[in-house]
Amino acid sequence: MANKILDPLFKLYDPIRYSFNKKKEDYIIISPTVGSKSQLNDGGRITFEIYSLSNWLLLSDAYFRCDFKIKDGTPNENRVPQTNTTLENNFFPSLFSEMVLEAGSNPIETIKHPGEFDTMLKTVFDSVSGWIPDVGDGSVLKEPVRNLANDADLDRVRVIARNTIERVARAANHGFEKRVLQYNNIVENNRWVSIGLPYKFHLQREINDDKIFFGENASNAKLEITNLQLFIPVITSSTEVETRIFNSLTKDIEIAFLHRNTVGSMTLTGESTTWPITNTIKPARYLMVGFKNLPDSQTNNNNVFRVAMNQTQDPIIHKVQVRLNNDNYPLTINPTTKDYNELYRNYKNMCELFGNPPQFEYVDFALNHPIFCFDLSAHQEDLFKTGVNINIHIEKTQGDVTGFCLLLEESKHLIKIADRRMIRIE
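Read in UniProt numbering, the sequence shown has 51 at position 51, and its numbers run on one by one without any break.
Read the hints as simulated data drawn from the structure, not as lab findings.
Any given hint could be a false lead.
[Said to hold, decoys possible] In silico SDA-like links for lysine to any residue, alpha-carbon gap of 25 angstroms or less:
hint	residue 1	residue 2
1	LYS251	LYS69
2	LYS412	THR250
3	LYS292	LYS338
4	LYS412	ASN208
5	LYS416	GLU242
6	LYS319	GLY270
7	LYS200	GLU224
8	LYS112	LEU376
9	LYS412	ASP400
10	LYS112	LYS251
11	LYS319	LYS348
12	LYS251	ARG420
13	LYS112	VAL128
14	LYS412	LYS211
15	LYS282	GLU254
16	LYS412	THR397
17	LYS338	ILE281
18	LYS222	ARG205
19	LYS112	ASN208
20	LYS282	ASN391
21	LYS416	ARG205
22	LYS338	HIS393
23	LYS211	THR269
24	LYS319	GLU254
25	LYS69	GLY44
26	LYS112	PHE64
27	LYS200	HIS393
None of the values given here were measured: they were computed from a predicted structure.
Given these sequences and hints, build the entire structure.
Right, here's the structure in full:
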């Protein structure tokens, strides 16, 4: 019995532990700098600057609040758009063409095409609850375009679509609050507070209303941002904890996180294309690729990746093969059987790696979000000491498509400490 571990249920005399570390949590509200606030609807760069020397900031839980109004795009009109027009799923990141995070005056991450890449990440890391699974022309948004598994799912989709339409109709008066979880954290794997470390966020506004709306033919909706603010949690710790942390800030702090290398987009023209991605010494962990073949339009569902337009059409993409130096990671779609099982299996495995249930069933995945997911984490560590050349070989049918590639690579940084303050990140 001496070597047995007692079940916690029977540890009656263990000391009771309490935590009084955090006294309260507030928010500081950051507005765009004076020089950039005018760019909210002009297609320029919007900048947020955070200089807080004495507050403990929890940047991982920060979010943007966006107030906006929607109006008809017809000149000299100020009407709410047609009732069969709604905002795209996950529209907020698509308001921008680039997002940049600086910490201590050093750029940490640059996210290009944030709308596409945030959609990729949400399907693997997060939730797509509330998205409207509609791939039609938008003429009747209150009805799904395919049969669902049961009546409960059908009713849920109808409610979501109806509420979304009503939300857009009310937007001119009430605005809308949107949390942006994927682009406002410096170390997404570590929910740590920081003190004294200055931050900057740069958002490059993109004026492309065709990309963010989904509606009926001849829809001409316009979105105008009226206010954009950054909310950052401020943690007030107990005196004991604050003293202990201050006393410990005597040496630099090592951090590591998955750096989002948004390679960007590439137009693929031929039937066989090799896409050079990067040459890196950082360990490449995961890679995702998605394809679009339709121009942005308010009659298209723009927030989807496609390799075929419907269940009967032959897939456009036949093979995607990631190459790390001389090692190959292929994924194929059989154009005859239209079999997406290999893609879906990789997608499910990627979700499970990050403890997230798959957000799409097989049919939704095949038609709306066929993302090619590659787990590269089993590669030998010493391979990256001399650098790894990463490229993607793609085989497809004739016709142009646009490819989007997201590489998650392990990134290590050092938070420099001086006078018991975090001064910069190297």
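We went through each hint and held it up to the structure:
no.: 1; hint: LYS251 x LYS69; result: violated, 49 angstroms
no.: 2; hint: LYS412 x THR250; result: holds, 20 angstroms
no.: 3; hint: LYS292 x LYS338; result: holds, 18 angstroms
no.: 4; hint: LYS412 x ASN208; result: violated, 36 angstroms
no.: 5; hint: LYS416 x GLU242; result: holds, 19 angstroms
no.: 6; hint: LYS319 x GLY270; result: holds, 13 angstroms
no.: 7; hint: LYS200 x GLU224; result: holds, 24 angstroms
no.: 8; hint: LYS112 x LEU376; result: holds, 22 angstroms
no.: 9; hint: LYS412 x ASP400; result: violated, 38 angstroms
no.: 10; hint: LYS112 x LYS251; result: violated, 34 angstroms
no.: 11; hint: LYS319 x LYS348; result: holds, 19 angstroms
no.: 12; hint: LYS251 x ARG420; result: holds, 9 angstroms
no.: 13; hint: LYS112 x VAL128; result: holds, 21 angstroms
no.: 14; hint: LYS412 x LYS211; result: violated, 35 angstroms
no.: 15; hint: LYS282 x GLU254; result: holds, 16 angstroms
no.: 16; hint: LYS412 x THR397; result: violated, 40 angstroms
no.: 17; hint: LYS338 x ILE281; result: violated, 37 angstroms
no.: 18; hint: LYS222 x ARG205; result: holds, 14 angstroms
no.: 19; hint: LYS112 x ASN208; result: holds, 15 angstroms
no.: 20; hint: LYS282 x ASN391; result: holds, 15 angstroms
no.: 21; hint: LYS416 x ARG205; result: violated, 32 angstroms
no.: 22; hint: LYS338 x HIS393; result: holds, 20 angstroms
no.: 23; hint: LYS211 x THR269; result: holds, 22 angstroms
no.: 24; hint: LYS319 x GLU254; result: violated, 40 angstroms
no.: 25; hint: LYS69 x GLY44; result: holds, 19 angstroms
no.: 26; hint: LYS112 x PHE64; result: holds, 18 angstroms
no.: 27; hint: LYS200 x HIS393; result: violated, 37 angstroms
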